[in-house]
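Trainee: This is what each chain is made of:
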Amino acid sequence: MPVDFVPSAQSTRPPGGDILVVEDLERVYRTGSYEVRALRGVSFAIPTGQMVAIMGTSGSGKSTLMNILGCLDKPTGGRYLLDGVETASLDRDARASIRNSKIGFVFQSFNLLARTTALENVELPLIYSGESGRAGHARALLALKRVGLGDRAHHLPNQLSGGQQQRVAIARSLVNRPAILLADEPTGNLDTRTSLEILSLFQELNHEGVTVLLITHEHDIAAFADRVVTLRDGRITADLRQEPRSAASALAMCTDDSVEQLS
Amino acid sequence: MKFMAILRVGLRALARNKMRSLLTMLGIIIGVGAVIAMISIADGARAQVQSQIASMGTNILMVFPGSVTQGGVRSGFGSITTMTADDAVAILREAPSVARIAPTTRTVAQVIAGNQNWSTQIQGAGADYFDIRDWPVEQGLPFTDLDVRSSAKACVLGTTVADNLFPGQDPVGQVVRINKVPFQILGVMKKKGGNAMGSDQDDIIVVPYTTAQKRLQGISHIQGMMISAVGKEQVATAQTEITQILRRRHRIAPGGNDDFMIRAQSDIAATADETSKVMTMLLGAIASVSLLVGGIGIMNIMLVSVTERIREIGIRMAVGARPGDILLQFLLEAIILSTLGGLIGVGLGIGISQIVSKAAGWSVLIAPPAVAMAFGFAVAIGVFFGFYPARKAALLDPIEALRYE
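Protein chains in written order, with our numbering: chain D, 1 to 263; chain U, 1001 to 1405.
No lab work stands behind these hints: they were computed from the structure. C-beta: ideal position from N, C-alpha, C; glycine also. Be aware that one or more of the hints could be misleading.
[As the list claims (entries may be wrong)] If you anchor each label on the Cβ, the simulated ranges turn out as follows:
| # | chain 1 | residue 1 | chain 2 | residue 2 | range |
| --- | --- | --- | --- | --- | --- |
| 1 | D | G148 | U | E1405 | 26 to 34 Å |
| 2 | D | L81 | U | E1400 | 21 to 29 Å |
| 3 | U | S1363 | D | D93 | 53 to 61 Å |
All chains, please: the whole structure from these sequences, using the hints.
Mentor: Structure, rendered in structure tokens:
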């Protein structure tokens, strides 16, 4: 894979500092008199350049946490600092700006615009940062090359495989050089081999300095992260550093007959 | 930069659904086209009416005898017999704003020439009648003051009468019998066509009013005066002067009612113009309804479009589109539809106007203000009806939108 792509402005974010800090985060949903406390005081910090898996079963509050970390939602209590910016009190426009400049989303269902070429999909964030000119075009192409799809720039999503579509989504998440890459079950719709390829890409990006947050409910996936934060009933029940598995070597061992078993 | 990029997004979305975009625009196209065609046609009709009225002369005043009241019974205009030719002489002498004057009488008679006969209007008039009405005698000559003074049995025919009495012949020099009195035909007047109300002005024989009084009607008063003012601007002054002279001559006490009535041609023109304007507005208003319906069509399609594209909106929001950006995108789509529809509609409206103009044989006026108004209205409708769906899109919750299937 080409390595000429400097994936983020993280060179200006020296390793060691915390790129993401949450303190006592709470989120309560109210429907009439009925109250659901999805997050009940979550605190952790992620240093620049870490690859963190946030684990939890459905109902654990991990989707809620992901929405708040992605600035799609606001906490009802606590603080959330992203790249030094307090986001909890921001309005819709300001949160949109943060999403645009500091967060790169990768979704389980890829979420590419249909009937829109790979290149245009990658350019999408640049429209809203006002950089969609010729320079933006070049940047988008570079991001596509970085994920190994330089030759697929003008393909439509339905002409690409699932793995390729997810790569386009990753290129899109990288194009604005975000502070963090937020991946919500990024391999949920992919077969084992393709999952390993995508995870390998995340690890590569991580080694180049990109901070990655993997949200997953599978231990097999979490095994590829430096650190696993486990969430249960809206609280953190475990926060462990670990030696990550290498997706690249797992991929090398992955023959056709062993495709079903990851571990 | 960002605006242009969002504009491009909107254009591309419309280009992707060409058929739908076209059908949506159709409402606006028909609306704008109808407004322009209706207003142009109505304006053309108005100009037609105006030119017909102008053909009677814009500095003309007509004086009619007033009504008489006998034992509480009021007769209509013309029932008073106090107006005489001497009044006309006095007005010409004393009123500086009056240029020419022709006393008139009017009756209907059966006329015979050779083996043809015809019933027509007999206009008794002074010699200046032809000049005042700007109605030249094309063949032969008009009668003169001398003919009037001597009550000559001379006449001038309108083209309709000439055609009916003398088909394919030259009537000049021949004799026509009006109520059995033989009149020599001096000339035939130029064709004038229908008047503003549509009746044929050429169905007429003009004779000296003195002859009409004595030979045809047996009266000594006159039944009206046709007067031309010195200029268009002097019409009002002339009206005042005539009123004063006639009141004095008819010995009407101050505060008493006039026994005559003056009508200026320009008043008639103004009234007709007012009527046509109301007509134009009415037609325009009816056509505007279709424009409004077109606008609702845009809103309808935009609402469908927003619902279809909720996930797209969610993705755009996730990568950093602000609510304002989403609003702009959908609003621009609506405005593009209405603007493009408006432009095509302008072409359609002008085209229809031209066709109608050819078919109806009158000049259709394409009023630039009407075109600008219809087009502006179409764009405004795009903004107005596009705003609600666009706002609906902008206010979507990104989490819900991303999850929407």
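Trainee: Hints first: check each against the structure and report whether it holds.
Mentor: Hint check:
no.	hint	in the structure
1	G148(D) <-> E1405(U): 26 to 34 Å	30 Å, holds
2	L81(D) <-> E1400(U): 21 to 29 Å	26 Å, holds
3	S1363(U) <-> D93(D): 53 to 61 Å	56 Å, holds
When each numbered hint is compared with the structure, no violation occurs for any of them.
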